[in-house]
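Under my numbering, read the sequence shown as residues 124 to 436, first letter to last.
Some clues are possibly wrong.
[Unchecked claim] Simulated restraints, written as ranges between beta carbons of each label pair: (1) T338 <-> K398: 20 to 30 Å; (2) D429 <-> D270: 41 to 51 Å; (3) H351 <-> K263: 35 to 45 Å; (4) D429 <-> L366: 12 to 22 Å.
These are calculated hints, taken from the structure and not from any lab test. These numbers come from a predicted model, not from an experiment. Idealized CB from N, CA, C, for every residue including glycine.
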Amino acid sequence: MDGYLIHRVIHHLKNGSFFRVFRRTIYVKRNLKKAQKDEKKYLENLGKITLGYKMNLDNPQSFNEKLNWYKLNYSNDLMINVVDKIYAKEYVKEKGLEDILINTIKTYNDLSEVNLDDLPDKFVIKNTEDSGGVYVCKDKSKISIQDIKKKLENKNSFISYGGKNWALENSYNLKNRIIVEELVKTEDGHAPWDYKFFCFNGKPRFLFVGSDRDTEVCFDFYDINFNHLEVKQGHPNSKKNILKPEKFDEMLKICEILSKDFPQVRVDLYNVSGKIYFGELTFFHFAGLEPFKPRKWDYIFGEFWDLSNNKGE
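Using the sequences and the hints, build the whole thing.
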C-alpha cells in the first residue's frame, strides 16, 4: 500500500467513515457496469450507503439530493468545457480576471511528454480532467519522474462512480492533459488555504475554508458574512481561529462573475495575504455523496438552490 492510500485509510479511520467508504467501494466495484443502464437507481443506492438516507431524486430537497439530480438532468457546453483546468483559465481571462490566475509553466498532451529538466525546482503538476491527480513538488532534486507518474496515474476514483465530472465525462469522453503551474505558498512557506464558495444562479451563499493542507486537512463552513457554522463534512473543524481574509468582498465579486453562467457551481479561490488566486470551478462537490453532520445542514444548504430555474439542456 503506497503512502497516499495509507493516508486516506488513516483519515477515514479518524473521522469514523472507514466502513462507509469500504461499503461504497465494494458497491462500486460490483455495480459500476450497471450504472449506465439505470443511472438513477445506481445513484440512489450509492447515496443510501454514503449519506445514510435514501435520496429522493424525483423531488430533491437536500443539497446532496440536488447535486445528484444535477448529474442526471443538467449540462451545457460551457459547463463541459470549464471542467478542463486549461480551458477554465481561458474562461477566467474572458471574464476579465486574468490577474487572479496562477502562472502556467508548461502543458503536455500526456504524462509521457513530461521531462523534469524542463521544469523549475518547485512546481505543481496536475491532470486537467480529474480531482485527484495533483503532485506538489517542493524540491525537484528529491523526486523522480516516477513519483509524479504514480500520483497522476492514480486518478481519484470519485470520477468513476459519480464524482466531480461524472455526468460530463461519461457523455463526452473528455481528453485528459497535463498542466504545470507555479507553486503558490504563504509567507511562512505553507500551502495556502482554500476558500470554496457555493454559488447559485450567480450568487455566493456559503463557503468553507480548507486549512492545514500540509498536515491534517480541516474544513470550516461559514455563511456569506463569515460567521462560523456548526457543521462538519469530510474533515474535522480547525482548532485555529480563522479570521475573515483580506479583500473578502472582492472574493465575493469574483464569485459572482465566475458563477453567473451556471445554475450551481463551487468557485474555488486562494487568498495569500490579500492576493487572490483562482483554483477551479467544481460542479459536483464531494460527488454529492458526502454526509453533512448534523444532517439538517444538508437540507439547509439545499434551500439555496431553486431547481425550477435549472431546466436540463
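**OP:** Could you tell me whether the CB distance from H351 to K263 stays inside 35 to 45 Å?
**Re:** 39 Å, holds
Take a look at whether the Cβ-Cβ distance between D429 and L366 falls inside 12 to 22 Å. 32 Å, violated
Task: Assessment of proposed distance window 20 to 30 Å (beta carbons of T338, K398) - done: Given range 20 to 30 Å: holds, Cβ gap about 23 Å.
Taking 41 to 51 Å as the hint, is the beta-carbon distance of D429 and D270 inside that range? 46 Å, holds
Violated hint for the displayed structure: number 4, the only one.
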